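Participant: Protein sequence lines correspond, in order, to chains A and B. According to full-length UniProt numbering, the stretch in the first sequence is residues 1 to 290, in order. According to full-length UniProt numbering, the stretch in the second sequence is residues 1 to 334, in order.
Any given hint could turn out to be false.
Unchecked claim - Result set (SDA-like, lysine to any residue): computed pairs, CA atoms no more than 20 Å apart in a straight line: (1) Lys-129(B) - Arg-32(B); (2) Lys-235(B) - His-18(A); (3) Lys-134(B) - Lys-196(A); (4) Lys-129(B) - Arg-15(A); (5) Lys-129(B) - Ala-14(A); (6) Lys-196(A) - Arg-36(B); (7) Lys-134(B) - Lys-188(A); (8) Lys-206(A) - Ile-272(A); (9) Lys-129(B) - Leu-204(A); (10) Lys-188(A) - Lys-129(B); (11) Lys-196(A) - Val-45(B); (12) Lys-129(B) - Pro-246(B); (13) Lys-188(A) - Leu-167(A); (14) Lys-234(B) - Ile-250(B); (15) Lys-134(B) - Glu-219(B).
To be verified - Simulated restraints, written as ranges between beta carbons of each label pair: (16) Trp-130(B) - Arg-118(A): 44 to 50 Å; (17) Leu-189(A) - Leu-196(B): 54 to 60 Å; (18) Arg-324(B) - Leu-189(A): 47 to 53 Å; (19) Val-320(B) - Gln-234(A): 42 to 48 Å; (20) Leu-67(A) - Val-320(B): 29 to 35 Å; (21) Tyr-39(A) - Trp-60(B): 42 to 48 Å; (22) Asn-68(A) - Ser-316(B): 55 to 61 Å; (23) Pro-294(B) - Pro-203(A): 52 to 58 Å; (24) Leu-200(A) - Tyr-222(B): 32 to 38 Å; (25) Leu-328(B) - Ala-14(A): 42 to 48 Å.
Hint data in this document are derived by calculation from the structure and do not stem from the laboratory. Remember, it's a predicted structure, so these values are computed and weren't measured experimentally. All C-beta atoms, glycine included, are put in the ideal place defined by N, C-alpha and C.
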Amino acid sequence: MAAITKTTGIDQAARRSHRTRANLIALPILAVIGLVWVYPFLWTISAAFKTQAGMFTSGASLLPDQLNFDNFVRAWVNAGFSGYFFNTVLYSVVSTLIELVKAALCGYVLARYEFPGRTLLYRMIVGTLFIPVASIIVPQFVLIENLGLLNTRAGVILAMSGGAGALYVLLFVGFFSSVPSDLFEAAKLDGAGFLKTFGLILPLAKPVIAVVVIFQFISSWNEFNIPLVFTLGQPDLQNLAVGMLSFQGEHATDWTGFAAGMTISFLPMLAIFLFFQNYFTRGLAGATKG
Amino acid sequence: MTTTAPAPRRERVTDRDRSPAERAPERADHSRERVRGFDRVWLVVFLAPFLLLYLGFTLWPLAATIYYSFFDWSGIGPIDNFVGADNYGSILVDPLFWLSVVNTLIFALLTTVIKLPISLLAAIVLTRKWLRGKRFFRTLFFAPLIIPVAMAGLVFTYLLNPSNGALNAILRDLGLVDQGFDVFANRWSALLVLVLVSVWQIFGQYMIYWIAALQNVPEEVYEAAAIDGAGEWKKLTRITLPMIRPVAVIIALLGIVNAMHVFGLVVTLTAGGPGTSTYVVSYFIYQNAFGSVPFAYGYASAAALLFSVIAFVLVSAQGVAVRRAQRLRKEYGV
Chain A
1 MAAITKTTGI
11 DQAARRSHRT
21 RANLIALPIL
31 AVIGLVWVYP
41 FLWTISAAFK
51 TQAGMFTSGA
61 SLLPDQLNFD
71 NFVRAWVNAG
81 FSGYFFNTVL
91 YSVVSTLIEL
101 VKAALCGYVL
111 ARYEFPGRTL
121 LYRMIVGTLF
131 IPVASIIVPQ
141 FVLIENLGLL
151 NTRAGVILAM
161 SGGAGALYVL
171 LFVGFFSSVP
181 SDLFEAAKLD
191 GAGFLKTFGL
201 ILPLAKPVIA
211 VVVIFQFISS
221 WNEFNIPLVF
231 TLGQPDLQNL
241 AVGMLSFQGE
251 HATDWTGFAA
261 GMTISFLPML
271 AIFLFFQNYF
281 TRGLAGATKG
Chain B
1 MTTTAPAPRR
11 ERVTDRDRSP
21 AERAPERADH
31 SRERVRGFDR
41 VWLVVFLAPF
51 LLLYLGFTLW
61 PLAATIYYSF
71 FDWSGIGPID
81 NFVGADNYGS
91 ILVDPLFWLS
101 VVNTLIFALL
111 TTVIKLPISL
121 LAAIVLTRKW
131 LRGKRFFRTL
141 FFAPLIIPVA
151 MAGLVFTYLL
161 NPSNGALNAI
171 LRDLGLVDQG
181 FDVFANRWSA
191 LLVLVLVSVW
201 QIFGQYMIYW
211 IAALQNVPEE
221 VYEAAAIDGA
231 GEWKKLTRIT
241 LPMIRPVAVI
251 IALLGIVNAM
261 HVFGLVVTLT
271 AGGPGTSTYV
281 VSYFIYQNAF
291 GSVPFAYGYA
301 SAAALLFSVI
311 AFVLVSAQGV
321 AVRRAQRLRK
331 EYGV
């Protein structure tokens, strides 16, 4: 018994030193690649503190010539970033909610119930995964125009949450299909109706919900095509991604203001991702299992 | 964690060559119920939000694209100038359209070929149990995804600009060049920049896909292999890669299709230039539909439709090729 314990002890020690060595090789390599990877971020943050003159002479340097906060003030107040920021948050939150609700409800029904046209609907959803956004944006534009929603926030939100929800529906279908039917039987025995049963099962879908929320939030936060086209006549309804473009056009030389605006816009997303990261990877693993 | 098997999705992938471990969790759903009585109302209520938006913003636009493509229509006034197949005729001989198609396909192919393997490699490294700081490095590589593509484009136009951008500053400091060079002055270098920036930007998403796929390989299989004396390389080539193959097909498909939609990056990074040499299809459509008066909605719609057909044929051809390759491998036992 003692002998066995001893061997395992040596084994473990050997393995531990092996791991340390592997880490000693891997970590520096990862650190170098990682630094190159986030260099554009660091450069942007640093540029947000630079003066115009300092920016043009600093080249690749990451050290600002001085720490001034003028750029942030200029971006936020004068260049309308506060407005873009508000629009972006609004568009992202509302379109994420809409996507989530419609995908969860539709996925639940598709997974649990047999009804006429079910297979057809399912196939059509799969088919739309492959439709390029650009190919249908003209009629979407016409539709929003006819609804009288062109150049309104509601129009942008509708267009953003009307399109590519197919992947999310499929994730929910996959999840709800895998819930053991015993659970539904049990709910039925307890006298739960359609809605009550859904209410009981939905909380189990947390991993899928997490994935849908994060994916949709990121993609609507970054959305460029739709806000660009649907706010052509009303620039103050633009989100950060599009507003940034006009900012560059109108203030062609104000790179430091631009860098400050960008820093303002990516810090919240970074915070959100850091906060939810674990949940996210685990959620995705759960959602795509199989 | 609850096991979830997207059963219908699996059907698109070959069914035969999966290990028992992989086959186990699938299909708890043999009992899909018929809806009775009042529940039918609930069914309709549940489907309504999706159906409404889907009909309005996907199906109807698809049909309308086809319809518009037969008209010479500027978006103003009634659609009454029926021109039959004229739009298609002009597009087929429009060199800019074909340049856009070629550029889009080159872009899609190159980004996919680069981003899939290196994101898989990163995922494999970043799921090693012994590695320290996994969370930190994952966040690092995921980070570019959180800045809008358009902003990434603008930052890189600055970093790459010939007079005082970072790239040229570094090259000058290293003594590699003595005059700044402009990567955006040439079609091929501009395309390459588009590809690389796009890979940089989207990398994290594919890394996360791969990590999810890797985490679904049951630990017991590795333990069994370790007992049989399999080394890391053997585990990778004999267990990991074959077991994630069904997911890999889907990831590759998504990768190609998403790359074909490239738009924002082109707008901000090259604006289709130099000249029109880095036009992609989305940009071509945008320019025709909204870029300059008079708008050519009919023409843009025809272009959109034609490209959708091309994309669909290529993507399904790829699916067929993958399936055939797998069948051949089976037959010859390789």
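Participant: None of the hints should be skipped; say for each whether it holds.
Facilitator: Verification of the supplied hints:
1. Lys-129(B) - Arg-32(B): Violated, at roughly 40 Å.
2. Lys-235(B) - His-18(A): Holds: Lys-235(B) and His-18(A) sit about 18 Å apart, inside 20 Å.
3. Lys-134(B) - Lys-196(A): violated (41 Å)
4. Lys-129(B) - Arg-15(A): holds (12 Å)
5. Lys-129(B) - Ala-14(A): Holds - the C-alpha atoms of Ala-14(A) and Lys-129(B) are around 16 Å apart, at most 20 Å.
6. Lys-196(A) - Arg-36(B): holds (16 Å)
7. Lys-134(B) - Lys-188(A): Violated, at roughly 44 Å.
8. Lys-206(A) - Ile-272(A): holds (17 Å)
9. Lys-129(B) - Leu-204(A): Outside the cut-off at roughly 28 Å; violated.
10. Lys-188(A) - Lys-129(B): Answer violated: Lys-188(A) to Lys-129(B) is near 43 Å, above 20 Å.
11. Lys-196(A) - Val-45(B): holds (15 Å)
12. Lys-129(B) - Pro-246(B): violated (24 Å)
13. Lys-188(A) - Leu-167(A): Violated, because 30 Å separates the two Cα atoms, which is more than 20 Å.
14. Lys-234(B) - Ile-250(B): Cα-Cα ~24 Å, so violated.
15. Lys-134(B) - Glu-219(B): With Cα atoms ~19 Å apart, Lys-134(B) and Glu-219(B) stay inside 20 Å; holds.
16. Trp-130(B) - Arg-118(A): 44 to 50 Å: holds (47 Å)
17. Leu-189(A) - Leu-196(B): 54 to 60 Å: holds (59 Å)
18. Arg-324(B) - Leu-189(A): 47 to 53 Å: holds (49 Å)
19. Val-320(B) - Gln-234(A): 42 to 48 Å: holds (46 Å)
20. Leu-67(A) - Val-320(B): 29 to 35 Å: Violated, at about 59 Å.
21. Tyr-39(A) - Trp-60(B): 42 to 48 Å: holds (45 Å)
22. Asn-68(A) - Ser-316(B): 55 to 61 Å: holds (56 Å)
23. Pro-294(B) - Pro-203(A): 52 to 58 Å: holds (54 Å)
24. Leu-200(A) - Tyr-222(B): 32 to 38 Å: holds (36 Å)
25. Leu-328(B) - Ala-14(A): 42 to 48 Å: With Cβ atoms ~44 Å apart, the hint holds.
In this structure, the earlier hints numbered 1, 3, 7, 9, 10, 12, 13, 14, 20 are contradicted, and the remaining ones agree with it.
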